[in-house]
Amino acid sequence: MARRILTALVCAAVAGIGANVASAATLDDVKSKGFVQCGVNTGLAGFAAPDAAGNWSGFDVDYCKAIAAAIFGDGSKVKYTPTSAKERFPALQSGEVDVLARNTTWTINRDTALGFNFRPVNYYDGQGFMVRKSLDVKSALELSGAAVCVQTGTTTELNLADYFKANNLQYNPVVFEKLEEVNAAYDAGRCDVYTTDQSGLYSLRLTLSNPDDHIILPEIISKEPLGPAVRQGDDQWFDIVSWVHYALVQAEEFGITQANVEEMKKSENPDVQRFLGVEADSKIGTDLGLTNEWAVNIIKAVGNYGEVFDRNIGAGSPLKIERGLNALWNKGGIQYAPPVR
Amino acid sequence: MAIGVTNAPEKRKSSGSILNDSHVRGLFYQALTVIILALLVYWIADNTIENLRRANIASGYGFLNSRAGFDVGQSLIAFSSDSTYGRALVVGFVNTLLVAITGIITATVIGFIVGIGRLSHNWIIAKLSLTYVEVFRNIPPLLVIFFWYSGVLSILPQPRDAITLPFNTFVSNRGLTFPKPIFEEGSQYTILALLIAVAASFVFARYARQRQMATGQRIPVLWPVLGLVIGLPVLTFLATGSPLSFDVPVEGRFNLVGGSVIGPEFLSLYLALSFYTAAFIAEIVRAGIRGVSKGQTEAAHALGIRPRLTTRLVVVPQAMRIIIPPLTSQYLNLTKNSSLAVAIGYADLVAVGGTILNQTGQSIEVVSIWLIVYLSLSLATSLFMNWYNARMALVER
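Order-wise, the sequence lines are chains A and B.
The numbering of the first sequence is our numbering, which starts it at 13 and goes up by one.
The numbering of the second sequence is our numbering, which starts it at 296 and goes up by one.
Calculated directly from the structure, the hints in this document are not laboratory data.
Glycine included, each C-beta is placed from N, C-alpha and C at the ideal position.
One or more of the hints may lead you astray.
What the hints assert, rightly or not - Label-pair restraints from in silico Cβ distances: (1) 325/B x 174/A: 55 to 61 Å; (2) 607/B x 196/A: 30 to 36 Å; (3) 339/B x 174/A: 37 to 43 Å; (4) 180/A x 480/B: 27 to 33 Å; (5) 119/A x 437/B: 30 to 36 Å; (6) 620/B x 196/A: 46 to 52 Å.
What the hints assert, rightly or not - The calculated DSBU-like cross-link candidates involving lysine-lysine, where the alpha carbons are at most 30 Å apart (straight line), are: (7) 150/A x 91/A; (8) 631/B x 177/A; (9) 343/A x 45/A; (10) 190/A x 475/B; (11) 177/A x 150/A; (12) 295/A x 332/A.
To be verified - Chain B is faced by these chain A residues, among others (derived, beta-carbon under 10 Å): (13) 46; (14) 47; (15) 49; (16) 138; (17) 157; (18) 161; (19) 170; (20) 174; (21) 179; (22) 200; (23) 202; (24) 203; (25) 205.
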């Protein structure tokens, strides 16, 4: 309990300090220290997890690398700060991290009261349910009477109560404070259903003793737009973080990949030329406070959005999450980049 | 410092300078301590208020009337997501109280048995009791809870393969499911009959005792009382047409449906706290019995009192005087250790409060409620035990 009080007091204390730090130009700080300090998850397979040698990889981690590549031309100039759900906001407010790329849902409260800025959504998520195949459940509407494992103190817990009430279903909540405890309880069969963000379910399923025995139900009961967050009050830094995402999406739309980026520089298409900074007198990169090579550097470091998605959480990964809403706008999804002009 | 002054002889004053006056020095240091303490409290309070203001966090207890929005798995009183945060805290408080009271009763029973077992002349019983005490006393309570939760209860079968016990009772990893009695019209007479029988038994026992005191004649008490307490309610029950039915658990799609459930979270916490605290109580009981002078037993034997009566009438009443004060501490420990429930997801006061704290951000208010509730619970236990201790104390004439 002491820790919780401490956290609360520290949160309150750093909120004040954060205001001062935010006024400094984050880009200059990052350039002078020589790396990006990136707040990531403590370990969620596919999004951010360290391997045995301590090398981080994942969808969110690639965003950290892309930001570093845009600034330094080198995707390895990142230092990672693993943060729990509770620690993440104080870490960003206090200036301990430069950017938070940690499965964080964009909500109005976080955008305003907590003093953060969100813009691009790099993963459109929603709360889902996972059950054992042996129960032969096809829809969440069949879950009446089930025991549901959920992490306490999350929006997930509230969405769950609302969903079951709205559909007039009975359930028995089994709540734990830590994600690991929820996993263990579900794996041990203490509950029939596990609910959290759907991407999280895909990731957590891999950690169960028999991943193939479980299915994720089709229903999505909430909107969870996840994206990188920065402190309010530094528009230049906010622009860089936002446009790194848009560059990744735009690269996919143009068909520019990690493999063909050098070749695409010779493209005749003026849009592609402008995007890759080979147009004469191009000022797009320098206006951002970066070099004209910024987009090329990003793509060289991590590939385009589609490649980042597939490699970490999509078809090319053990998670095998479908693109769904995260497909490009012209391919049935809602990922869309404003024009680079 | 004040004590130093009273012991100080008169001659101190002769040294003249006020700086050397131990009385003045004492006052100075006491005043200094109070001022530093006051400044510290002021600084913390001021800092907190300032930080809350900066973080735009509204303080106050108004949030207790807002809709909670979450559900609680285990609740003795009606609760839904539409209930208020205040009611959620009451649910948590009742759950804490439940585990504390049942735990105290069980720990006392086990503790007395093991404590007396340690003094047994039977080698096996004495060594078993010794092992019990040493094992449970030397493991942190949290590990004992995990032992029961993860080691014992979670490896029980799934509800559809539940172990069936007599009377439609089932044991599974969802807990103990048993038929829920439903009291129908007329069942209040049975309860009334039971109350009458109990009251009558007390009167009868008192009469028998007074008669023995007055005349020396003993009337058998046990059998008439048993007959009264069992017989009268059973007769009433049959006479009113057996107004009782059971909601029997049946296998549903996911769980056993119907009946009453005691969840594995409660069971683990209850068993762990009982077993853990019982080890300490056993040692207290042993110390209490050992603390009664051997001469007392010998004197009783010399008067021709039989061994069993010696224990009951001579040793135990004196041992209780040694046992009760440390026993109170163990009861308080058990109540406070119940907050470890948060580790296994039992919805006690701390777990529910933690959820509310996360949802509302009202950390100071929730923490203050925790402090007040635990303080009140502990003080109430202490008061009761002090009253009991005073009753058991040696009556000096």
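Interface hint check: residue 203/A, Cβ to nearest Cβ on chain B, cutoff 10 Å. Holds or violated? holds, 9 Å
Indicate whether the distance between the beta carbons of residue 119/A and residue 437/B respects the range 30 to 36 Å. holds, 35 Å
Would the hint on residue 161/A stand, with a C-beta cut-off of 10 Å toward chain B? This hint holds: residue 161/A lies near chain B, its Cβ roughly 9 Å from the closest one there, short of 10 Å.
Restraint outcome when residue 200/A is required to lie within 10 Å of chain B by C-beta distance: holds, 4 Å
Verify the proposed pairing of residue 150/A with residue 91/A, using a straight-line Cα cut of 30 Å. Violated, because 43 Å separates the two Cα atoms, which is more than 30 Å.
Per the CB criterion, is residue 174/A less than 10 Å away from chain B? holds, 7 Å
That 27 to 33 Å hint for residue 180/A and residue 480/B (C-beta), does it hold up? holds, 31 Å
Does the Cβ pair residue 325/B, residue 174/A satisfy 55 to 61 Å? holds, 58 Å
Do the numbers back the hint for residue 202/A, that is, is its least Cβ distance to chain B under 10 Å? holds, 6 Å
CA of residue 631/B to CA of residue 177/A, is that 30 Å or under? Given that 30 Å is the threshold and the Cα spacing comes to 35 Å, the pair is violated.
Residue 205/A as an interface hint toward chain B, with CB separation required under 10 Å: holds, 8 Å
Identify whether the interface hint at residue 46/A stands, where standing means a beta carbon of chain B within less than 10 Å of its own. violated, 32 Å
In this structure, the earlier hints numbered 2, 6, 7, 8, 9, 10, 12, 13, 14, 15, 16, 21 are contradicted, and the remaining ones agree with it.
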